[in-house]
Amino acid sequence: MADKVEVPEVEITKEQLLGWYRQMVRIRRVEELAAKAYTLRKIKGFCHLYIGQEAIAVGSHAAVDAKDDLISAYRIHGQVLARGGTAREVMAELFGKQAGITKGIGGSMHMASKKLHFWGGYGIVGGHVPLGLGSAFAHRYNESGQISLTFFGDGAAQQGAVYESLHMAQLWKLPAVFFCENNYYAMGTSLDRQSYLTDMSRRGDGVGMTRWQFNAFDVVDVYKNVKAAADYARSGKGPVILEGVTYRYRGHSMSDPAKYRAEGELEEKKQKSDGIELAADRLRDDFGVSDADLAKIKVEIDEEAQDAYDFADNAPEPDEDALYDYVYAPAEVE
Amino acid sequence: MATLQLREALRRAMNEEMRRDERVFLMGEEVAYYDGAYKVSQGMLKEFGDKRIIDTPIAENGFVGLGVGAAMAGLRPIIEVMTWNFSLVAYDQIINGAAKVFQMTGGEYSVPMVIRGPNGAAENLGSQHSQALESIFAHFPGLHVVSTCDPADSYGLLKTAIRDPNPVIFMESELMYGYKGEVPDEEYLIPFGKAKIVREGTDVTLVSWNKQILNCERAADELKKEGISAQVLDLRTIRPLDEQALFDAIGKTHRMVVVQEGFPFAGVGAEIVARVTEGAFDALDAPILRITNRDINQPYATNLEQLVMPSVRRIVEAARAVVNR
Ligand SMILES: Cc1ncc(C[n+]2csc(CCOP(=O)(O)OP(=O)(O)O)c2C)c(N)n1
Ligand SMILES: [Mg+2]
Numbered sequence: 001m002a003d004k005v006e007v008p009e010v011e012i013t014k015e016q017l018l019g020w021y022r023q024m025v026r027i028r029r030v031e032e033l034a035a036k037a038y039t040l041r042k043i044k045g046f047c048h049l050y051i052g053q054e055a056i057a058v059g060s061h062a063a064v065d066a067k068d069d070l071i072s073a074y075r076i077h078g079q080v081l082a083r084g085g086t087a088r089e090v091m092a093e094l095f096g097k098q099a100g101i102t103k104g105i106g107g108s109m110h111m112a113s114k115k116l117h118f119w120g121g122y123g124i125v126g127g128h129v130p131l132g133l134g135s136a137f138a139h140r141y142n143e144s145g146q147i148s149l150t151f152f153g154d155g156a157a158q159q160g161a162v163y164e165s166l167h168m169a170q171l172w173k174l175p176a177v178f179f180c181e182n183n184y185y186a187m188g189t190s191l192d193r194q195s196y197l198t199d200m201s202r203r204g205d206g207v208g209m210t211r212w213q214f215n216a217f218d219v220v221d222v223y224k225n226v227k228a229a230a231d232y233a234r235s236g237k238g239p240v241i242l243e244g245v246t247y248r249y250r251g252h253s254m255s256d257p258a259k260y261r262a263e264g265e266l267e268e269k270k271q272k273s274d275g276i277e278l279a280a281d282r283l284r285d286d287f288g289v290s291d292a293d294l295a296k297i298k299v300e301i302d303e304e305a306q307d308a309y310d311f312a313d314n315a316p317e318p319d320e321d322a323l324y325d326y327v328y329a330p331a332e333v334e
Numbered sequence: 001m002a003t004l005q006l007r008e009a010l011r012r013a014m015n016e017e018m019r020r021d022e023r024v025f026l027m028g029e030e031v032a033y034y035d036g037a038y039k040v041s042q043g044m045l046k047e048f049g050d051k052r053i054i055d056t057p058i059a060e061n062g063f064v065g066l067g068v069g070a071a072m073a074g075l076r077p078i079i080e081v082m083t084w085n086f087s088l089v090a091y092d093q094i095i096n097g098a099a100k101v102f103q104m105t106g107g108e109y110s111v112p113m114v115i116r117g118p119n120g121a122a123e124n125l126g127s128q129h130s131q132a133l134e135s136i137f138a139h140f141p142g143l144h145v146v147s148t149c150d151p152a153d154s155y156g157l158l159k160t161a162i163r164d165p166n167p168v169i170f171m172e173s174e175l176m177y178g179y180k181g182e183v184p185d186e187e188y189l190i191p192f193g194k195a196k197i198v199r200e201g202t203d204v205t206l207v208s209w210n211k212q213i214l215n216c217e218r219a220a221d222e223l224k225k226e227g228i229s230a231q232v233l234d235l236r237t238i239r240p241l242d243e244q245a246l247f248d249a250i251g252k253t254h255r256m257v258v259v260q261e262g263f264p265f266a267g268v269g270a271e272i273v274a275r276v277t278e279g280a281f282d283a284l285d286a287p288i289l290r291i292t293n294r295d296i297n298q299p300y301a302t303n304l305e306q307l308v309m310p311s312v313r314r315i316v317e318a319a320r321a322v323v324n325r
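Residue numbers (the numbering used here), protein chains in the order written: chain A, 1 to 334; chain B, 1 to 325.
Please keep in mind that the hints were generated in silico from the structure rather than gathered at the bench.
It is possible that some hints are incorrect.
[Stated by the list, open to error] Only pairs whose alpha carbons sit at most 30 Å apart, straight line, appear in this in silico DSS-like list of lysine-lysine:
1. Lys-259(A) - Lys-180(B)
2. Lys-194(B) - Lys-224(B)
3. Lys-196(B) - Lys-39(B)
4. Lys-259(A) - Lys-270(A)
5. Lys-115(A) - Lys-224(A)
6. Lys-4(A) - Lys-14(A)
7. Lys-180(B) - Lys-42(A)
8. Lys-269(A) - Lys-39(B)
9. Lys-39(B) - Lys-225(B)
10. Lys-39(B) - Lys-42(A)
11. Lys-224(B) - Lys-180(B)
12. Lys-39(B) - Lys-36(A)
13. Lys-194(B) - Lys-180(B)
14. Lys-194(B) - Lys-100(B)
15. Lys-227(A) - Lys-114(A)
16. Lys-225(B) - Lys-259(A)
17. Lys-272(A) - Lys-237(A)
18. Lys-173(A) - Lys-269(A)
19. Lys-51(B) - Lys-259(A)
20. Lys-296(A) - Lys-237(A)
21. Lys-159(B) - Lys-180(B)
22. Lys-196(B) - Lys-225(B)
23. Lys-259(A) - Lys-39(B)
24. Lys-224(A) - Lys-298(A)
[To be verified] Under 10 Å between C-beta atoms, here's a sample of chain A residues computed to sit facing chain B:
25. Ile-43
26. Gly-127
27. Gly-153
28. Tyr-184
29. Ala-186
30. Gly-238
31. Ala-295
32. Ala-322
Beta carbons are placed, not taken as given, at the ideal position from N, Cα and C, and that holds for glycine.
Construct the entire structure; sequences and hints are all you get.
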């Protein structure tokens, strides 16, 4: 049976962890302001918040190369920010403005940036996973030394396209990491009601793929596990399917009141396994960072997020003359 | 007469048919414990239990195909797709399966199933969640395609769909689930292939269906102010298409504008233009114009989205153009 590879312990510096802490706070704060804008109808459509899952994006992005390709579903604001997107370009996209990361055309679900090697957000559940497979295929084809990292949900794991992708990746030993973000819910359906197996990494067993499950609340754990998986895939040994156990704090999207949770479930997760708090604990205990220093970071992030909000609010709408510009690519895009 | 929301009218139709026929069941994502993503199936789990109201994993290809198989076995599945955009994951099962089984098996197996869910754009949902897909289903013999949002019509047509011996593509509207209309208290069915004149007029016929009917009515109000009398014809079913109603309309107004969501290329509007031109050419006093989504995938931003969608202004301009004003 294709088991887990060894996940080595890693030395984390204070600077690294402070950076990750800052990123997680940033994601949460930007999204909290996005939620506010949504209730004011400045942001419309679907808006899926990542709050609660920040450690996954931040730890994963830190563990891969800037030139590895990443792809995810529609819950992507945090992914884009973790990958290096600015608060301004993410917020402006949510507001549907020209200055947005996809020019106000993509929106909440479809932010992408070639510069960041972030292939984007996709709205058809499971539908993007074959694209991640294609990215891995291309990396092998080009002998680039890079890998693809594909995120998908516990709900998405049920799609045939995911199974097909896992199988081909394994058959051809492609340099791919598939990361199932298991947040226990697919919309209003809890994991046990939509999946016979609840260890989603076991989706790898049927195709013989190296796989393991881990708790993905602590950003350092995420970093370690993704690094081990990425090193394995990069070495040519074949793909890996990882499952990170996490939890989403908000409803599925802004329009979901999330009445389906068990009583006390959310509070318990927030208390025991909040990624930001776990990082703060480590910073205090292992590195002697003071509460005042942590509070200062929060204030700086508050300012950055508010700046992004004001920027987005006042930014011009997308250029109407460019409406037809992106239907067909004009010439080979390098 | 009761005033019902679209979602209530649809629910009433399903409830009545499920009480009437043990073979009918409802399956889809979030239809049971969540009471439906858009609350169409609210309370149905409670009445019918989880044998007949069934939540699925997110696996459209599988559960739509299950519906085809269950229908072949004699059950009467109602398969809900959360939106028609997601049915594309199951397109093979619908086209290569549902549409073809009866003929392909020489009439041995039929597929009495309904696949239903919201179709067309809501607001700011972007490229993958805003499509109107009537034409890509209506293309295929073997499928019926219904697309409507009027509560009374939806009730009568859904009942017909559930009893129909063939696969029915039943298209609703996300934005219109809360839309209210009078629905008669007594039970009734509405046959497929019967269009409805929503408003009489003499100068031009606006042909449409589902929520664009509302834009046509608003356009007719505007046109009236300019002294143009516009008739509004609601097709309700796309396949079978009520050709006679189209011929009658063109015979009366001699001018026609077709208003549809979805792209112009090989769209339902194109089919209507072809049929009317072939069948009633002599009655035409002007080319038939189409108002459709612009030929571009849906952008997210509000200003761009509004440019892309059919609008009252665009319909009015087209109507003016065909009546030469
Ligand atoms: C093919 C398809 N079916 C249904 C939907 C509607 N839908 C959007 S998100 C979602 C739940 C996905 O859950 P999961 O994969 O666990 O991701 P999470 O939302 O938890 O991040 C569903 C059913 C969709 N977008 N695409
Ligand atoms: Mg989930």
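So, going through the hints one by one against the coordinates:
1. Annotation: proposed proximity of Lys-259(A) to Lys-180(B) holds, straight-line Cα distance about 26 Å (limit 30 Å).
2. For the suggested pair Lys-194(B) and Lys-224(B), the alpha carbons sit about 26 Å apart, so the restraint of at most 30 Å is met.
3. For the suggested pair Lys-196(B) and Lys-39(B), the alpha carbons sit about 28 Å apart, so the restraint of at most 30 Å is met.
4. The hinted pair formed by Lys-259(A) and Lys-270(A) meets the criterion: a straight-line CA distance of about 17 Å does not exceed 30 Å.
5. Between Lys-115(A) and Lys-224(A) the alpha-carbon distance is near 25 Å, which keeps this suggested pair within the 30 Å criterion.
6. Restraint check for Lys-4(A) and Lys-14(A): the C-alpha separation of about 29 Å stays at or below 30 Å, so the hint holds.
7. With a CA separation close to 27 Å, the supplied pair Lys-180(B) and Lys-42(A) stays within the 30 Å bound.
8. With a C-alpha separation of about 29 Å, the suggested pairing of Lys-269(A) with Lys-39(B) holds against the 30 Å cut-off.
9. Under the criterion of a C-alpha separation no larger than 30 Å, the hint pairing Lys-39(B) with Lys-225(B) is inconsistent with the structure, at around 39 Å.
10. Only pairs whose Cα atoms come within 30 Å are accepted, and Lys-39(B) paired with Lys-42(A) is accepted, the gap being roughly 25 Å.
11. With a C-alpha separation of about 25 Å, the suggested pairing of Lys-224(B) with Lys-180(B) holds against the 30 Å cut-off.
12. With a CA separation close to 25 Å, the supplied pair Lys-39(B) and Lys-36(A) stays within the 30 Å bound.
13. This hinted pair checks out: Lys-194(B) and Lys-180(B) have alpha carbons roughly 22 Å apart, not beyond 30 Å.
14. In summary, the hint linking Lys-194(B) to Lys-100(B) is supported, as the alpha carbons are separated by about 24 Å, within the 30 Å threshold.
15. At roughly 22 Å between alpha-carbon atoms, Lys-227(A) and Lys-114(A) fall within 30 Å of each other, so this suggested pair holds.
16. This hinted pair does not check out: Lys-225(B) and Lys-259(A) have alpha carbons roughly 49 Å apart, beyond 30 Å.
17. For the suggested pair Lys-272(A) and Lys-237(A), the alpha carbons sit about 36 Å apart, so the restraint of at most 30 Å is broken.
18. With a C-alpha separation of about 37 Å, the suggested pair Lys-173(A) and Lys-269(A) falls outside the 30 Å cut-off, and the hint is violated.
19. Proposed proximity of Lys-51(B) and Lys-259(A) is supported: the alpha carbons are some 23 Å apart, at most 30 Å.
20. Taking the CA atoms of Lys-296(A) and Lys-237(A), the gap is near 44 Å; set against the 30 Å cutoff, the hint is violated.
21. Pair hint Lys-159(B) plus Lys-180(B) holds up; C-alpha atoms about 19 Å apart against a cutoff of 30 Å.
22. At roughly 24 Å between alpha-carbon atoms, Lys-196(B) and Lys-225(B) fall within 30 Å of each other, so this suggested pair holds.
23. Proposed proximity of Lys-259(A) and Lys-39(B) is supported: the alpha carbons are some 14 Å apart, at most 30 Å.
24. With a C-alpha separation of about 26 Å, the suggested pairing of Lys-224(A) with Lys-298(A) holds against the 30 Å cut-off.
25. Satisfaction of the interface hint for Ile-43(A) is found here, the shortest Cβ-Cβ separation to chain B being roughly 8 Å, below the 10 Å cut-off.
26. The interface hint given for Gly-127(A) holds, since its Cβ lies 7 Å from the closest Cβ of chain B, which is under the 10 Å cut-off.
27. Hint status for Gly-153(A): holds, given a least beta-carbon distance of 9 Å to chain B, under 10 Å.
28. Annotation: interface hint on Tyr-184(A) violated; nearest CB of chain B at approximately 14 Å, more than 10 Å.
29. Given the 10 Å rule on beta carbons, the hint for Ala-186(A) holds: about 6 Å separates it from the nearest Cβ of chain B.
30. Hint status for Gly-238(A): violated, given a least beta-carbon distance of 26 Å to chain B, over 10 Å.
31. Among the interface hints, the one on Ala-295(A) is violated; its C-beta lies about 36 Å from the nearest C-beta in chain B, farther than the 10 Å criterion.
32. Interface hint at Ala-322(A): satisfied, since its Cβ lies 9 Å from the closest Cβ of chain B, which is below the 10 Å cut-off.
Checked against the numbered hints above, the structure breaks hints 9, 16, 17, 18, 20, 28, 30, 31 and satisfies the rest.
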